[in-house]
Amino acid sequence: MMNFKSAVTILFIFFLSIVTKAQYTMHKMVTVGYTYQNQSFGELGGKLLFLKNDDVIYRLGASALMGSAGSKFAIMPKLQADVLLNFEKNVDFYHSYYLLIGAEGTNKYIAPKIGVTLFGLLDLTGGYAFPIGESRLNGKELKGLNVNLTLNIPTVFIHDMFK
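According to UniProt numbering, the sequence shown is numbered sequentially starting from 1.
Do not take every clue at face value.
Mimicking DMTMM-like on lysine to aspartate or glutamate, the simulated pairs with C-alpha atoms at most 25 Å apart in a straight line are [stated by the list, open to error]:
1. Lys5 x Glu88
2. Lys140 x Glu88
3. Lys52 x Glu88
4. Lys72 x Glu141
FRET-style restraints, in silico, Cβ to Cβ [claimed, not checked]:
5. Leu151 x Gly70: 23 to 33 Å
6. Val30 x Ala74: 16 to 26 Å
7. Gly46 x Asn107: 31 to 41 Å
8. Asn138 x Phe87: 41 to 51 Å
9. Ser68 x His27: 26 to 36 Å
10. Ile75 x Thr9: 36 to 46 Å
11. Tyr34 x Thr155: 20 to 30 Å
12. Gly144 x Thr9: 32 to 42 Å
13. Ile114 x Gln39: 19 to 29 Å
14. Thr9 x Ala64: 16 to 26 Å
15. Lys72 x Ser96: 20 to 30 Å
Note that these hints are calculated values from the structure, not bench results. All C-beta atoms, glycine included, are put in the ideal place defined by N, C-alpha and C.
Please model the entire structure based on the sequences and the hints provided.
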């Protein structure tokens, strides 16, 4: 458990140092999605998106993975950090796709990931999960292929939708 806390702390400090060096704009998002990690999980949470220009964007997120593991309902907390890259310069925020590189971690596994995102709103990522120690979720080992499909909804959009 100490390794997970250390990794999260180092990741948080790294992204915080990046954000404090320059003036970044921050946007809040609500996320819903699907995660496959030897089991199917629904995901619900939030993300913060930091951008100075539109070719490199940083995201930090926290969510809950909910699903059935070992015939029992389970909930796991998940933290994630992503970097979105698009190498087209001087095109404003209207890029259609970004390369996504990041990592996610729960109290059971850590998974580096890579994928693509459409407008930063719809993510498709894959990676490999490494278990933390002998951690299991209701007797089920969570290691191996990790696939995520996530919809990121900006809170501004939600607010405008209900006006």
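Evaluation of the provided hints:
| no. | hint | result |
| --- | --- | --- |
| 1 | Lys5 x Glu88 | violated, 36 Å |
| 2 | Lys140 x Glu88 | violated, 43 Å |
| 3 | Lys52 x Glu88 | holds, 15 Å |
| 4 | Lys72 x Glu141 | holds, 14 Å |
| 5 | Leu151 x Gly70: 23 to 33 Å | holds, 28 Å |
| 6 | Val30 x Ala74: 16 to 26 Å | holds, 22 Å |
| 7 | Gly46 x Asn107: 31 to 41 Å | violated, 18 Å |
| 8 | Asn138 x Phe87: 41 to 51 Å | holds, 43 Å |
| 9 | Ser68 x His27: 26 to 36 Å | holds, 33 Å |
| 10 | Ile75 x Thr9: 36 to 46 Å | violated, 23 Å |
| 11 | Tyr34 x Thr155: 20 to 30 Å | holds, 21 Å |
| 12 | Gly144 x Thr9: 32 to 42 Å | violated, 26 Å |
| 13 | Ile114 x Gln39: 19 to 29 Å | holds, 22 Å |
| 14 | Thr9 x Ala64: 16 to 26 Å | holds, 20 Å |
| 15 | Lys72 x Ser96: 20 to 30 Å | violated, 42 Å |
Against the hints set out earlier in the document, violations occur for numbers 1, 2, 7, 10, 12, 15.
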